[in-house]
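Undergrad: What follows is each chain in one-letter form.
Protein chains: 4
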Amino acid sequence: MTNSVPKPVMDAEELNAFLSQVYPQLNDHLEGYRVVDVKPGGCTVRLQASEQHLRPGATVSGPALFTLADIGGYACVLSHLGPEALCVTTNLNINFMRKAEAGEILGRSRILKLGRSLMVFDVEMITPANGLTVAHASGTYSIPPKK
Amino acid sequence: MTNSVPKPVMDAEELNAFLSQVYPQLNDHLEGYRVVDVKPGGCTVRLQASEQHLRPGATVSGPALFTLADIGGYACVLSHLGPEALCVTTNLNINFMRKAEAGEILGRSRILKLGRSLMVFDVEMITPANGLTVAHASGTYSIPPKK
Amino acid sequence: MTNSVPKPVMDAEELNAFLSQVYPQLNDHLEGYRVVDVKPGGCTVRLQASEQHLRPGATVSGPALFTLADIGGYACVLSHLGPEALCVTTNLNINFMRKAEAGEILGRSRILKLGRSLMVFDVEMITPANGLTVAHASGTYSIPPKK
Amino acid sequence: MTNSVPKPVMDAEELNAFLSQVYPQLNDHLEGYRVVDVKPGGCTVRLQASEQHLRPGATVSGPALFTLADIGGYACVLSHLGPEALCVTTNLNINFMRKAEAGEILGRSRILKLGRSLMVFDVEMITPANGLTVAHASGTYSIPPKK
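Protein chains in written order, with UniProt numbering: chain G, 1 to 147; chain P, 1 to 147; chain H, 1 to 147; chain X, 1 to 147.
The set of hints was computed from the structure by calculation and includes no laboratory data.
The structure presented is a predicted model; accordingly, all values stated were derived computationally and were not measured.
C-beta: ideal position from N, C-alpha, C; glycine also.
Listed next, the in silico DSS-like pairs over lysine-lysine satisfying Cα-Cα at most 25 Å (straight line):
no.: 1; chain 1: X; residue 1: 99; chain 2: H; residue 2: 146
no.: 2; chain 1: G; residue 1: 99; chain 2: X; residue 2: 113
no.: 3; chain 1: H; residue 1: 99; chain 2: X; residue 2: 146
no.: 4; chain 1: G; residue 1: 99; chain 2: P; residue 2: 113
no.: 5; chain 1: G; residue 1: 146; chain 2: P; residue 2: 99
no.: 6; chain 1: G; residue 1: 146; chain 2: H; residue 2: 146
no.: 7; chain 1: G; residue 1: 113; chain 2: P; residue 2: 99
no.: 8; chain 1: H; residue 1: 146; chain 2: G; residue 2: 113
no.: 9; chain 1: P; residue 1: 146; chain 2: X; residue 2: 146
no.: 10; chain 1: X; residue 1: 146; chain 2: P; residue 2: 113
no.: 11; chain 1: X; residue 1: 113; chain 2: P; residue 2: 146
no.: 12; chain 1: X; residue 1: 146; chain 2: X; residue 2: 7
no.: 13; chain 1: X; residue 1: 7; chain 2: G; residue 2: 99
no.: 14; chain 1: G; residue 1: 113; chain 2: X; residue 2: 99
no.: 15; chain 1: X; residue 1: 99; chain 2: G; residue 2: 7
no.: 16; chain 1: P; residue 1: 7; chain 2: H; residue 2: 99
Some chain P residues judged to face chain G by a derived CB distance under 8 Å, without partners named:
no.: 17; residue: 25
no.: 18; residue: 52
no.: 19; residue: 55
no.: 20; residue: 57
no.: 21; residue: 62
no.: 22; residue: 66
no.: 23; residue: 67
no.: 24; residue: 70
no.: 25; residue: 86
no.: 26; residue: 88
no.: 27; residue: 89
no.: 28; residue: 90
no.: 29; residue: 91
no.: 30; residue: 94
no.: 31; residue: 95
no.: 32; residue: 96
What the simulated footprint calls covered on chain H by chain P, stretch by stretch (three residues with Cβ under 8 Å from a Cβ of chain P suffice, anywhere in the stretch; the number is not a length):
no.: 33; stretch: 95 to 101
no.: 34; stretch: 130 to 139
With the rest of the complex left out, here is chain G:
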């Protein structure tokens, strides 16, 4: 017996449509976050980092990468439980390892545990242009009780 891999119930396009409806702030003010893949036990979210996501030193900012990690967890919980907008992050820990320039960054998130009330996940953030890992995060989403 191994960790049973949970199965998704929403795909990337359904997630993007749902996010643009319930969370318009995500791309109105910080454009560039899109779910690009959903598979059993994980998701990939892409940040197309532009001028507005940079910090001093012309590198992608901590908040922009945190957002990528957080949306990665949100995409995991939504895609595997269905459109329950009120799941919320309770903890997120992020390590910043290398500077990333403007351009594409992929956040590959993975469900470590999907329980009844909590989901634990991690996210590896890489710049596909050079294959480097720029940041790594792990965190917890709280799942509201079924009505």
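Got chain G sorted already, so can you dock chains P, H and X onto it with the hints?
TA: Just chains P, H and X, lined up with the frame of chain G:
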């Protein structure tokens, strides 16, 4: 002998002027972050949370609070070391405890250690309207070597 | 209105008696952890660090300080909820800031949120001999549902 | 180009011999930690959890799993840099996901970044008896300057 409390070399207005010069993205796209106090060993940063900082459930988003914590650390390191824009976050851990509505949120940051190459800090985020702690973060900034 | 401060229902001696009954491993193999104070919203646990708690470099080891932080959280949840041994840590983040030699280390823990199913806390670990903060932790305990 | 995978310079037996010499506390008081594999970019450490590693509820304690994660990082930095005992943990974040009974637990650690002064790693802890992930950690080791 006790922990020697480091002394600031920049005040709140100098910090805000420096941030608007080197980090225009902070308030161009996510208006509302201002340093409101600097004292030996710590700073207070205010987020005036509006519609654009909210997530589903009409509560202040994780990324908006992460930004408040991260700027709290940046304000600590800048105010106590001087205008060294290239200090960068290497780790940040954040716990979200209570939902916060739009309005004022204060991030009270505290330097736990100011070494030659690393600064460790924590930030307590409260809603002054009701005195509640909404989130708590701790993290590390890396300080570049003196030229 | 401010954060309501929760009131303890067990004192330091009751906690030590309870810990030695339900968690004999704590002091059988790693002697030296004792609750020395309980007050509304927090506790102090003392580690009397000896040879067995050291790591290479003759400084107190990471696991010994993690244990101090973890017991600090456990003392908070037990003292404020009553003797519910099955509360468990779900997350703990610790920053190590200064080396500590053998001797007394105090872990001052503080309840940041006491909810129905989760308690969030932080712990500042100091060496009273010189007043220095050697480590800082924050974490979450899960509280089992009432039967 | 991809992340260059660092190459180990010590194998599992060399690591165990070095650990028993410089860090006798590890197995004198909490027997059961052994490096069982070293490969480019990572290590596996085994905890043979017995009565002494349990907490209330007869499950493997947080400190025992923290130790497994911490030794996983130490094994990574030692095996890839050589026998530099004075590398120290600066941060470790751990999520506890499932209860583990006494028995074998494997900590599979992975180097996420090996820089000149810092190494970032993560560790997945599984119970091979059932293939479940019981805990996950990420952290940072500080590497002392070359003399």
